[in-house]
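Protein chains in written order, with the working numbering: chain X, 135 to 459; chain U, 121 to 440; chain B, 38 to 565.
Since the hints were made in silico from the structure, they are not lab data.
Heads up, some of the hints might be wrong.
With a Cα cut of at most 16 Å, we get these calculated EDC-like pairs of lysine to aspartate or glutamate [unchecked claim]: (1) X:Lys414 <-> B:Asp409; (2) B:Lys130 <-> B:Asp116; (3) B:Lys351 <-> U:Glu298; (4) B:Lys119 <-> B:Glu508; (5) X:Lys321 <-> B:Glu278; (6) B:Lys103 <-> B:Asp409; (7) B:Lys431 <-> U:Glu298.
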Amino acid sequence: MLAFIIRRIAQSLFVMVAVALIAFLMFRFVGDPVNQMVGIDTPQEEVARLRESLGLNDPAIVQFGRFVWDVLHFNFGVSYQFRLPVTQLLAERAPATLELALTAAIFALIVGVIMGVYCALNRDSWLARVFQAVSLVGVSLPTFLIGILLIYLFAVILGWLPSNGRGQVVKIGEWWTTGFFTASGLKALILPAITLGLFQMTLIMRLVRAEMMEVMRTDYIKFAKARGLRTRSIHFGHALKNTLIPVITIAGLQLGSIIAFAIITETVFNWPGMGILFLKAVQNVDIPIMAAYLMLIGFLFVIINLAVDLAYGLVDPRLRVAMRA
Amino acid sequence: MPHPTPEEVKGLVGGGSSGLVTRLLDSDVFASFRSSKLTMLAAFIVLLMFFGAAFAPWIAPFDPFDPAKVFLSDASIPPRWQAAGDPRFIFGTDDQGRDLYSAILYGLRVSLIVGGLGVLLAAAIGITLGLVAGYVGGRVDALIMRVADVQLTFPAILIALLIDGVVHSLWKGVSREESAIPVLVISIGLSFWVQYARTIRGSTLVEKNKDYVAAARLVGIPTPVIMLRHVLPNVIGPVLVILTINLGLAIITEATLSFLGVGLPPTQPSLGTLISIGNQYLFSGDWWIVAFPGATLAVLVLAVNLLGDWLRDALNPKLR
Amino acid sequence: MSIRRHLLAAFAAVALSSVSAHAVTLRYANQGDLKSLDPYTLNETTANAHLGHVYDGLTTRGKDLKVGPGLAERWEILDGAKKWRFHLRKNVKFHNGEAFTADDVIFSADRVRAAGSNFQTRVPKDAKFTKVDDYTVEVELSSPNPIMIAQWDTWYIISKKWAEANGSAAPTPASATTPSHISLNANGTGPFKIESHQPGVKTVFKANPAWWDKKEHNLDEIIFTPIPNAATRVAALLSGEVDVIEPVPVQDMARVNASDKAQVLAGPELRTIFLGYDQSRDELLESNVKGKNPFKDVRVRQAFNMAVDKETIKTRVMRGLSTPSALMIAPDLFAHSADFTSPKFDPEGAKKLLADAGYPNGFEVGMDCPNDRYVNDAQICQAVVGMLARIGVKVNLNAQPKAQYFAKVLKPGGYKTSFYLLGWTPGTFDSHNVLNDLHGCRAEGSPRGESNLGGYCDAKVDELTAKILVEADEAKRNAMIKEAYTITTKAFAYVPLHQQALAWGVAKNVKITQRADNSVLLYWAVKK
């Protein structure tokens, strides 16, 4: 068991190094940061000096070594655009993205599970068909189009909800800002969270429906029915409980992609999070931000994957055997 | 126990290369197809759109890709049935004076080519790696699955930015007109393969312990042949479902990348480009520029997804 | 425990902010960020306008762009414009309470010319600043320069003591790898103070009650947020979440005007949008013509000028909001503009010219174009592609975000373009800048012609440009400018397209003044 854990952690480290290498290589290619920083009338000597001072003339392996060393010290350098430490910029914006992602994930999970269970239990009712239709539309329309349509309807035509930003935020502690405690903050969260969560919601709904329908066929449920348990207790006490383990696993794994896909939602809603920072960084060839963001997303995925693997290892006896082998 | 004869092996390998076809042509599947009117409608729509896309140059009244035949003075004309409409343009024109109906047909073609080639590339990569990982196992398996983890770290958008950057720095001055399609296909291919690999690896792990594989190995059939001729046909069923569902996802990914500015250029619009162009005119009252391409995209993806759903249910006997 | 305290503090903050809600707050959204607060880091219209709320220059430019007194109450031009004497305003205080004196001017003059400043050309290299007394400064030049102060309204004066005490004596270069105090904090003499600044997210300005000049606004607070996405920006205005946006996409102007919350404030801008072509290389970088450069032939350049239909671009792409231009400068900035006319739109004639030049079937050429810099820039380029296709020229358009575009076509990128679209506002609001920067022969080690991406070159024009710089007589100067423009238009050095329109979205309860250089200056704003 211990060997397995160590092996998985070692593999995760390998993954992180690979991500670092890709992040590093990728952004050596995207563009030349020096051109971003100089004006039209900067003399060539100044350009050459800059190049030297940024270490862009060193061999690639030296630059990569420096990159990894700095990353290990949480030093992602200074943004070319803002002239602020990237760590600070990301820390400032992380609360916005995390609150949005969390709200979207909870929305997707709760609504997805409810709709999925309903559809599985009432396969042929008209409401189930409506849910199915909604879920299909959810995966068939691009996120940015859904966002724009929601803004057009709820912000411009109806004027019920704000179209952009986080509303009023309050500071908690040194660096966390939250929109959870103000009315405008909560209102501002609604449209972006729905836009971001819709796709995951349909995934979860479909998954719950399929899993639930499978579970309902198992002998276990048949026995429960035979024992004369109440329908409600069979559905929610037995069937749903068995359905939820894979669902929560998938939802956990999806949290990483929610954060990554927040790029689009944040762009449409001008949500001051990490995604919009990243997209702006790409447009401005702001290498330190791009590299740090990629490392961050990579780290999240690796941690989530590792946690899921280890949890499965503890839960599933068959896998425990396989681990020993 | 004596070695089995080649005939016996063949018998064991059985379902072999013809397995998929037999399963597809299984009368049960066709019965389920005929029983669902919605599925039939979806199939009809998909066929219609494939047809429209394939024969766009012959069906479309204009060639929207030829700048010499697009007149700026025709820009932003509303659909034909509106008061300010023009009988030449059924769905009106876009901001450059392109006939929207023609642009949609050509855009559909581009979207389907990009999406289709993208998922095929993804399937090719995923199936190969999944088969190798599952069959060979050990370090190769671990390595491939770790690469899959790394890959998952990068959503299609990031991958497209990466490849776009590499292409543009290796071939300085290459324009989006030349680079967009290969970049998008490779981006989609490289971001969607993991699902195939994991699925194929899972089923391969099961299949490789079955008697027919053991038997094939015993008679000395080379490993690559076992993998391709014997294991592959038995694990490829679910791929069809993933392929269908991914096609919808790929088309959406292309549209999103166009929205973020790394997709097809406005001079060679895909459905996604048309939508992001139209998006700029949503507030100005020129709703048709976004509405028709948007509706086409939504209906196409919807139909593809319906087919995918049906296919999954039909091939999974437990759910019937 | 500590979490509870933080939560209490959070609630207290909410309660407090709702108390002060009666203050007049103007919310302003723009497509770009305010990246650095150091006024010498980036010379860009938007950044200069932002910082103009906080800092003052020795001069100001009024609502009509006329130069007026600023921190310098008045000045004398002596010795044939070789010597200037400035009389500084007394009783001016920086936001931190320090008095403004001649020391600050001399310090700022050194700092603005130091390495890393993006404003080095604001103050001539050879200008020698001397302090006569606390409120008088003299500037000596080695050669006459009658337009020395043309851009001094955006050369902002910084407090010497404050900058030195906070380790910001040297300008923060755009390439700085560590943030400086002054790039995150501000201490000016202007009408507003910076209350908080989160780069790329939000900047809050608070009115400065001790401002030296007569206050024309009624604001207590300005909240600035960048909203890069045009649709989101318009939506924010229409839903009443922001009061002022810049710019409004031309196609959304009707929608904004139709709403009951806001309207569009439109007017001509001084920026000229034009097409340029590589006339210096012997073979184009991106063309199927090998061994020669078609743009070296004046007939080809004339054909391009005749093939582009500026009127249709105006009506269709710009929705009527542009002024087609025959010159590379806005008519407001040059007295004799009316004497010049664009070549007639004539595709047949253009085709004939191409045939005469040896290209009866046209040729192929690559075109570079930004897609997020000017009003509908990519759409203009696309329209040009169509128009040139009709005279047989196949244009391969490469429209990119401005970061990549500028990196490719500007001097640091090696002018790697064959055919491009660019916009230009002369920073001095004067033809000398246009002739020198866009038409001057490029030369190693000289800033002349640095933005002349196509490498147009005519010794006679350069000679005139040098004379124009030092000529003090208005009529003579204008005659020389006209002579220079006659040469450049005869040579079809560029294809001038138009002056684009300014379009600001303004809530109905807000009155603001629109200056033609597109500076959004909210110290002239009144909100009901």
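Original post:
Hey, lysine 351 (chain B) versus glutamate 298 (chain U), does the alpha-carbon distance stay inside 16 Å?
Top reply: Given that 16 Å is the threshold and the Cα spacing comes to 30 Å, the pair is violated.
Original post:
Between lysine 431 (chain B) and glutamate 298 (chain U), is the straight-line Cα distance small enough, at 16 Å or below?
Top reply: At roughly 14 Å apart (the allowed maximum being 16 Å), glutamate 298 (chain U) and lysine 431 (chain B) satisfy the hint.
**OP:** Below or equal to 16 Å on CA atoms is what counts here, so check lysine 130 (chain B) against aspartate 116 (chain B).
**Re:** Violated, at about 32 Å.
Original post:
Does the structure keep lysine 119 (chain B) and glutamate 508 (chain B) at a Cα separation of 16 Å or less?
Top reply: Satisfied, since the Cα-Cα distance of roughly 13 Å is no more than 16 Å.
Original post:
Does lysine 103 (chain B) pair with aspartate 409 (chain B) here, judged by a C-alpha cut-off of 16 Å?
Top reply: 30 Å, violated
**OP:** For the pair we were handed, lysine 414 (chain X) and aspartate 409 (chain B), check the Cα-Cα distance against 16 Å.
**Re:** Satisfied, since the Cα-Cα distance of roughly 12 Å is no more than 16 Å.
**OP:** For the pair supplied as a hint, lysine 321 (chain X) and glutamate 278 (chain B), confirm whether the alpha-carbon distance does not exceed 16 Å.
**Re:** 13 Å, holds
The structure shown violates the earlier hints numbered 2, 3 and 6.
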